[in-house]
Amino acid sequence: MILAVLLIAVLLVTLVVLSVFLALTVSDMARMSKDLEYIHQHDTKAMVTVNSGLPLTRRCVTAINENLLRNRRVREQEFSRELRIRQMLTNVTHDIKTPLTVARGYVQLLDKQVDSDIRQYCQKAASSLDSVDYYLQYLMDFNLLHEKTESLTLSQVNLSLLVQEDLFTAFDQLQSKVLKVDPNIEMNISILSDETLLHRIMQNLVGNWLKYAVRTAQVHLYQKDDGFVELVFSNETDQPYVQARQLGQRFQNTRNGQVVKDSSGLGLHIVQGLVDALGGQLCLRTKPGFFEVIVRLSNLLHHTS
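1 is the number of the first residue of the sequence shown in UniProt numbering; add one for each residue after it.
Bear in mind the hints are in silico, worked out from the structure with no lab data behind them. Backbone N, C-alpha and C fix where the C-beta goes; we use that ideal spot for every residue, glycine too. Be aware that a few hints might be false.
[Said to hold, decoys possible] Pair by pair, the computed Cβ-Cβ distance ranges are:
1) Gln-156 x Asn-184: 18 to 28 Å
2) Gly-279 x Ile-39: 22 to 32 Å
3) Leu-54 x Arg-81: 21 to 31 Å
4) Ser-151 x Arg-81: 10 to 20 Å
5) Arg-81 x Ala-244: 36 to 46 Å
6) Gln-123 x Arg-84: 31 to 41 Å
7) Lys-211 x Arg-84: 26 to 36 Å
8) Cys-283 x Arg-75: 11 to 21 Å
[Said to hold, decoys possible] In silico lysine-lysine, DSBU-like type, Cα no more than 30 Å apart, as pairs:
9) Lys-224 x Lys-287
10) Lys-177 x Lys-112
11) Lys-97 x Lys-124
12) Lys-287 x Lys-177
13) Lys-34 x Lys-45
14) Lys-97 x Lys-177
15) Lys-211 x Lys-287
16) Lys-211 x Lys-97
17) Lys-177 x Lys-124
18) Lys-45 x Lys-112
19) Lys-124 x Lys-112
20) Lys-180 x Lys-112
21) Lys-211 x Lys-124
22) Lys-180 x Lys-124
23) Lys-211 x Lys-177
24) Lys-180 x Lys-45
25) Lys-180 x Lys-211
26) Lys-112 x Lys-97
27) Lys-180 x Lys-224
Kindly generate the complete structure, drawing on both the sequences and the hints.
Listed below in structure tokens is the structure:
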């Protein structure tokens, strides 16, 4: 009888201990789950914690925290490496830009002073320098795009005024190309956006005019009823007809066994990236002798509120 009572008492005590152990384990698991969910949703250096001192959950927490620390160190190293590469790219592009500008100045000076036999070589050199400058600007835009993708610098931008300013800046180049530009700009259109990226969109689209447009070009800016702003660049062109879906490709086709590079794809690729970074949309339309780019921009206030 006494033995039976003792066995029952031991069983009861065991059940109580197991119940307490199970309750503490469940509580610790709930706390760990809550901490992990918070860490996943926030940029924080917080660690996982538990309420009890149970060896099982303590070992689990230690393993989780060691893994979190390891992952954070890897991310920090990757960020530092990317920052160094980005800075190196910025330094290199600026280091190239200065002697390139000087070289173009000398070529232009020589072109005015030499006879016609030598002038053709000056013109070829100038064309090559223009190509180097184009690709260099592409690298600078690519670097800018990566920087801005992480953090936009938002401000209220008068887009109507910005478009007019960038057109005026390119006035001499457009005149030298004998390109008649027809602007149709709705006034006082203002959006919350990144002004630097907007300028680069404009400058790339004007640059596309300078490379491929002939005779006439049009730019339209207007506010749509759906809250979007549309910026439309169109022009005549004497380039071979290419379907719109192919224009964004970096390499178009092969000729005589060699890959033919279509540099227009670079500029359009950058514009697409800039527009994407601003939460907008880009559409291309082509037909023989005609090219059009439609940029739909939204007020980023609607995306940040």
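Here's how the hints hold up against the structure:
no. : hint                          : in the structure
1   : Gln-156 x Asn-184: 18 to 28 Å : holds, 23 Å
2   : Gly-279 x Ile-39: 22 to 32 Å  : holds, 28 Å
3   : Leu-54 x Arg-81: 21 to 31 Å   : violated, 40 Å
4   : Ser-151 x Arg-81: 10 to 20 Å  : holds, 18 Å
5   : Arg-81 x Ala-244: 36 to 46 Å  : holds, 38 Å
6   : Gln-123 x Arg-84: 31 to 41 Å  : holds, 40 Å
7   : Lys-211 x Arg-84: 26 to 36 Å  : holds, 33 Å
8   : Cys-283 x Arg-75: 11 to 21 Å  : violated, 36 Å
9   : Lys-224 x Lys-287             : holds, 25 Å
10  : Lys-177 x Lys-112             : holds, 19 Å
11  : Lys-97 x Lys-124              : holds, 19 Å
12  : Lys-287 x Lys-177             : holds, 22 Å
13  : Lys-34 x Lys-45               : holds, 15 Å
14  : Lys-97 x Lys-177              : holds, 24 Å
15  : Lys-211 x Lys-287             : holds, 18 Å
16  : Lys-211 x Lys-97              : holds, 20 Å
17  : Lys-177 x Lys-124             : holds, 18 Å
18  : Lys-45 x Lys-112              : violated, 64 Å
19  : Lys-124 x Lys-112             : holds, 14 Å
20  : Lys-180 x Lys-112             : holds, 27 Å
21  : Lys-211 x Lys-124             : holds, 16 Å
22  : Lys-180 x Lys-124             : holds, 26 Å
23  : Lys-211 x Lys-177             : holds, 9 Å
24  : Lys-180 x Lys-45              : violated, 58 Å
25  : Lys-180 x Lys-211             : holds, 14 Å
26  : Lys-112 x Lys-97              : holds, 23 Å
27  : Lys-180 x Lys-224             : holds, 26 Å
When the structure is compared with the earlier hints, violations turn up for hints 3, 8, 18, 24 and for no others.
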